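Which chain is which? The protein sequence lines are A and B, in order. All residue numbers for the first sequence refer to this note's numbering, where the first residue is 1 and numbers rise by one. All residue numbers for the second sequence refer to this note's numbering, where the first residue is 1 and numbers rise by one.
The set of hints was computed from the structure by calculation and includes no laboratory data. All of these numbers come straight from a predicted model, not from anything done at the bench. The beta carbon of each residue, even a glycine, is placed where N, CA and C say it ideally should be. It cannot be assumed that every hint is accurate.
Stated by the list, open to error - Computed Cβ-Cβ distance ranges for the label pairs, DEER-style: (1) K70/A - L345/B: 55 to 61 Å; (2) S115/A - L345/B: 54 to 60 Å; (3) L256/B - M1/A: 28 to 34 Å.
Claimed, not checked - Some chain A residues flagged as far from chain B (calculated, every beta-carbon gap over 10 Å): (4) K2; (5) D9; (6) V28; (7) E67; (8) D72.
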Amino acid sequence: MKKVLIVDDAAFVRFAMKNMLEKNGYEVVGEAPDGSTAILQYKELQPDFVTMDITMPGMNGIETLKEIKKFDPNAVIVMVSAMGHENFVKEAVLNGAVYFLVKPIKEENLIEVLSKIIES
Amino acid sequence: MNTKGLDDAVDSMLEMFIFETNQNLEQLEQITIQSEKNGAFSGEEINDIFRIMHTIKGSSAMMEALEVTALAHAVEDIFFYVREKKPEKLDCSILTDLVLNAADFIKTEIDKMEAGEKTDAIAADLIESTSAFLLQLKQINGEQPAKITLPVKPKPIQASTQKLSSYIDLDEPVNVFQAKITYKDHCEMENIRAYTLINNVKGIVGELHYLPDNILEDDESANIIRKNGFNICFTTSKEYDEISVLLNRTIFLKELELEQLTDVTECSYWPKKEMLPKKALPEQIIAKGEEREINHPSMISVNVTKLDILMDLVGELVISEAMVTENPDLQGLDLDNFYKAARQLKKISTELQDGVMSIRMVPLSGTFQKMNRIVRDMSKKLNKQAELVLVGEETEVDKNVIEHISDPLMHLIRNSLDHGIELPEDRKKAGKNPVGKITLEAKNAGNEVIINIVDDGQGLNKEKILKKAKENQLLYKNESDFTDKEIYSFIFSPGLSTNEKVTEFSGRGVGMDVVMKNINAVGGNIIVNSEPGKGSMITLKIPLTLAIITGMTIKVGQSRYTIPIMSIRESFKPSLDNILVDPNGNEMIMVRGKCYSIMRLHQLYNIVGAVTDFNDGIMIMIETEKTTIGLFADQLIGQQQIVVKPIPAYIKNISKTQGVTGCTLLGDGNISLILDAVGIVNRV
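Could you build the full structure based on these sequences and the hints that come with them?
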């Protein structure tokens, strides 16, 4: 079972994504409400995927992404962004995010992205 | 997954959404009002509001509350602009109104969701005024009116000159492929999707060119890709099949057209000759979030019903413990070790009880903070000036109690502003500060919490109240016999409003009588004090908790009753000399020169075999804000902590339960009814 770490400051989004992932046979090994927690959890849990919200208080998603990438250059991080934040997504992708999802997250999109990433 | 599981998941998702959004809205309101007070939004506040709106937007979109999403988006846009551009001319007052209106709209919709109603309100007006504000903001701060994004024609063919330098593949790239990729409709940000595609094929291609070529620099390229698809042409050593598999893995792929070319010259956008590569990196765009300490105490949120169950269980435990330690079978036995162990048990169960109670305790700050908004809105509408001072917000009360006092507090604050605080001109004339002051203060006093609402307004008008009370036939004794306190307490009678006109805030059917009812429902008390011209003070006495109270258990015949200690003023053996009987046969008792009515409990509840002679029983003086009466019972059994249980519905239906608020189990297994002072006084 693939292990996923969900990073989002909104508990509701984490909860909803966890539901979607668990329904589709992914194991949510961790949930982090902010960047610094995410980094700690990544090091500890070594997940196969990370879904990373961009807009978060404190350390934002892109800074967190960079930190995780420093620790593990092969980290598979999918950014989660709201519509209209092209610039952030671009920066994230340039900094090594594998892919991105646009909020509102739909189950089929989330699963398609993850399964396609597994294939390649 | 079966449907039930699915429903549960949806339910808990909704619950979580509502909880989180409400929390966010509350925070939003506080920040906004605070910044309005300061006259400016600080960087941190702007960031916070932006983030809150952003979160609400995201969550509500997931719950498919589209109007909420759109509105949150519009507000988010303003704060994004403010954060990035830091405009000099910013009308904080209008912006505050906008944000608060938006928050109200969202709150209403959330409430509807919570009640299971359809969320059908249209936010178009709000969104329009929000967008208009942003547009205006941009204009007055010297920015060009927002560009209207026209569907952009594809630029004259000018292909990407980016040559990827990483040759992981050592084979000679001999095959040339050209592909056209179309993404699924509405997947957004096609240009960045295209960029990730290029990233993915980097490892296996030799030279690569694509159209549109400016996918990272220009977001318009997303539109072009949407319309014309994303075209790439590259050289590689791989065969058709491999390339096809690879490209078919493109996420959100709608259609792939792949053809093998014999030569790069067949591709229309392949550059004719080598050019210098362009720098494709966009600048750093992200404004760093202000450094803030992240210090979340680890918290979990628990459903209140679970706490109620826990509370109930602890209550049962306290009772069972008493049933064991006070068991009649133990009488006359010498059991040193048993009592030693029993004391230990008692100690632990008391600690457990305190622990459970403390979980249910919530600070009043949330409720108090809400009042800021009311004072702000009302003073604006009424053209009055007032500041709200909060004292002792950290005082904690039981969650159930908070729910009951939130509305009364709101009403009392409204009342202070509406009737108490005068217009600024009048205040100046009276030599007062034109800005009125309302103080909301909470403090602990033993088993109670005292909440004072103090204003420095005009005070209550005694004559007017008395006149109104007379019109409503509320006077129960001679007009001149009324004390000030008694007159003031008339404002809590139904149908008594000295305000002639019905304003937006007063006279909406929720009167002061409801305030009184709500406060009485939690076993609380209201005391009014006022000084003409100087202001008034309303004091609420609220029990800390509803679940466990200290009570005095008394015996009448074979029945037991418990009276909350709060209501008891004193108890004594009456002497017949002090008993008076009026011509109608009403009994009264003289205590220190004052006369009080007597209520015989055995008469009230038709109990046979009770003590009827005053010499043999006990008189308990119970006090309410209205009056004090003497309650006659057989004997006092003792003071103890009791767990309040609601009266079962089938007993409630019997009218005789008036004056009874609940029941409790005593240590010896007997049931005791809990008497309600207000209910009994009303029977006199």
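Hints and how they fare:
1. K70/A - L345/B: 55 to 61 Å: 57 Å, holds
2. S115/A - L345/B: 54 to 60 Å: 58 Å, holds
3. L256/B - M1/A: 28 to 34 Å: 31 Å Cβ-Cβ, so the 28 to 34 Å window holds.
4. K2: 16 Å, holds
5. D9: Given that some Cβ of chain B is not farther than 10 Å from that of D9/A, nearest at about 7 Å, it is violated.
6. V28: 14 Å, holds
7. E67: 14 Å, holds
8. D72: 18 Å, holds
The structure is inconsistent with hint 5 alone, although it conforms to all the rest.
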